[in-house]
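Taken in sequence, the protein lines are chains W and L.
Note that our numbering has the first sequence beginning at 2, numbered continuously upward.
Note that our numbering has the second sequence beginning at 9, numbered continuously upward.
In short, the hints are calculated from the structure, not lab data.
Since we're looking at a predicted model, the values are computed, not measured.
Keep in mind that a hint or two might mislead.
Derived pair list, reagent style DSBU-like, types lysine-lysine, alpha-carbon separation capped at 35 Å [stated by the list, open to error]:
| # | chain 1 | residue 1 | chain 2 | residue 2 |
| --- | --- | --- | --- | --- |
| 1 | W | 201 | W | 18 |
| 2 | W | 86 | L | 29 |
| 3 | W | 212 | L | 103 |
| 4 | W | 86 | W | 163 |
| 5 | L | 66 | L | 36 |
| 6 | L | 103 | W | 18 |
| 7 | L | 29 | L | 103 |
| 8 | L | 103 | L | 69 |
| 9 | W | 40 | L | 103 |
| 10 | L | 103 | W | 181 |
| 11 | W | 86 | W | 181 |
| 12 | W | 86 | W | 40 |
| 13 | W | 86 | L | 103 |
| 14 | L | 117 | W | 163 |
| 15 | W | 163 | W | 201 |
| 16 | L | 22 | W | 18 |
| 17 | W | 40 | L | 29 |
| 18 | W | 18 | L | 69 |
| 19 | L | 103 | L | 117 |
| 20 | L | 69 | W | 181 |
| 21 | W | 181 | L | 29 |
| 22 | W | 18 | L | 66 |
| 23 | L | 117 | W | 201 |
| 24 | L | 22 | W | 181 |
| 25 | W | 212 | W | 18 |
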Amino acid sequence: MKEQPVADTLQLSEADKEDQYVHQVYDEIATHFSDTRFKAWPVIERYLLGLPVGSIGADIGCGNGKYLGVRGSGDIFMVGTDRSKALVGICAQRGFECQVSDGLDLPYRDGAFDFAISIAVIHHFASPERRARAVAEVLRVVRPGGSVLVFAWALEQNGRRKFDPNTQDVLVPWVLPASKAQSSAGHGELTGEGESAQSKVFHRYYHLFRKGELQELFEQVGGCTVIENGYDRDNWYIIAQKI
Amino acid sequence: MRLITHNMLKCHVKNCTDPDKQFPLRFKDVQLEQIDAERNDEFLVRMLPRIDWPALSKTTKELDITLPETVPGNPEDDEEFLQALHTAILETHIKQGSMLCDGCGHEYKITNGIPNMLLAEHEI
Chain W
2 MKEQPVADTL QLSEADKEDQ YVHQVYDEIA THFSDTRFKA WPVIERYLLG
52 LPVGSIGADI GCGNGKYLGV RGSGDIFMVG TDRSKALVGI CAQRGFECQV
102 SDGLDLPYRD GAFDFAISIA VIHHFASPER RARAVAEVLR VVRPGGSVLV
152 FAWALEQNGR RKFDPNTQDV LVPWVLPASK AQSSAGHGEL TGEGESAQSK
202 VFHRYYHLFR KGELQELFEQ VGGCTVIENG YDRDNWYIIA QKI
Chain L
9 MRLITHNMLK CHVKNCTDPD KQFPLRFKDV QLEQIDAERN DEFLVRMLPR
59 IDWPALSKTT KELDITLPET VPGNPEDDEE FLQALHTAIL ETHIKQGSML
109 CDGCGHEYKI TNGIPNMLLA EHEI
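Next up, chain L with everything else stripped away, as it sits in the complex (with noise of 0.2 Å):
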């Protein structure tokens, strides 16, 4: 799983709903793997909107990866920042682990690159 797609997702078990709490998902026993993408400047700059720059932030802190707290003000610009922001977002992966939720404490598990995200009878 790349960040990309884990920036994308929240808690979803019932009545776990406090936003600062079910999103970004915590990472627990995780192993990285690099691998790398061919980088598209034009696709970077125009999905930053997409992206929740506060958890991004917070994830990558986490995980030890470099970026900047802020997005700049002409990120088309900014040679280092496009760079970090691809490095981190499409060739960061989370090959093993699992993805905690600081509000109920459900675990997601990631196995091969893959996080099972369904839920037990009593969570839906």
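Pulled out of the complex, with its shape left as it was, chain W reads as follows (with noise of 0.2 Å):
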């Protein structure tokens, strides 16, 4: 049986929501996680190419660093920083530029950056204030003038998933096949699918983002000018300029 989404009912303080269905289970799953995430999006391959020689950037939630290499020849600089241990890990084996860190506190002093991203990350932070604060932070760490660009699930979707349009908090199941679940503990739960297989299910907190919200947000947060937003690949996208 496939495993489908489910509403969100967990009786948890948000930084314990975060720390057991985002963070614990990044750590787990990084390995299978990073083959997946492979391609760049072209929204994103299009604002780093556009970026002037000279840019130095912050990748807030970087995960494997899928986009700190896709501006080559050393035109631009780019530092990413992510929760997972483990997933910073792969992105240094790959010899980029990363840390470890939350993106609710980043480590950057005000306007370190010519630009930052944050993608596919703040559906992670489990209340509008945290969502808020996150935003806040990747505004914060950019100068003056400089651009950020920001991509989150949307509820509505086209792809494969489909999600209930009146249940915006939900856990979405991640499948670790059994080739490479990890034998040390983790809570995610034994599949018992295939005869000697068994893969691992996890459950990672989301906030899928209706449309429009993504952009009262940035217009909660202030600071900012929007100047693009759209849908691509089933998240909504900000791309914004600091005032």
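The two chains are supplied separately, each in an independent frame; assemble them into the complex guided by the hints.
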């Protein structure tokens, strides 16, 4: 039976929910997750390739570093941060500049960067306040006149996944195949599928953004002008300029 | 971690807000490694405004790396400057050690070139 997303009814604090249903999960599934994250999305690629030579930027929630190497030839410099030690380790193996850091509390001085991207990250924060703080951090570390690009999962999806239009807070399954399942203790459940194989299912917390919500979030945080907003690959995205 | 990244970092512990103390972070017990990287002069010249030069100067002195006190008037024409800058910020990697905040004393560890910038609960 294919695992389906379920409504989030967890009785946990926001921090605990993120800890158990985001941080711990990514650390467990890191290698497999990284294997499936290799194709750069066109909107993001276009944004990165369009930046002026000499730009320095932050990738907040860089995962396996998929976007850190898009612009080659030393034209720009990017630093990635991610909350998952395991994913940052994969990034570092690939030669990218990266650190372990929480998106709610970035270790950068104000206005340090020319640009920042945060791709499919802020939907993992478990309250409107934390999502606003995440956006505020993305904007804080960029200089006045600099730009940011944020992508977040949409409630309205065209792909394989179909979400209940009335449920924005969900737990989305990740099936770790038996061949990749860690032997160490994790809180995923064994599915018992297959004869000898036992894959594990993990659930990740998402807040799915409805149409208009990401823009509202940016307007609420303020200090920026929305330059472009759109929908791509089941995500809402915003490009904004720091005032 | 390359020195260019270190120039962007500050201590973000709660109530640690003195800009003279929280940045730049002071290196402690570090192991450095020089790794060659292709030099891109246009990149170097154009990204210069993002570098906090006094902080870079202070840090490179601590690491015994030679860099001029101030940026020359025409950096794009200064071969020696560009090479020194490139080597310092892009080819110098801190592999092990830690970064200390002079303001609150917090120690950020660097392991295998990766800084851990997470804070404890009471520091957020």
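Need the list of violated hint numbers for this structure, in ascending order. 3, 14, 17, 18, 20, 21, 22, 24
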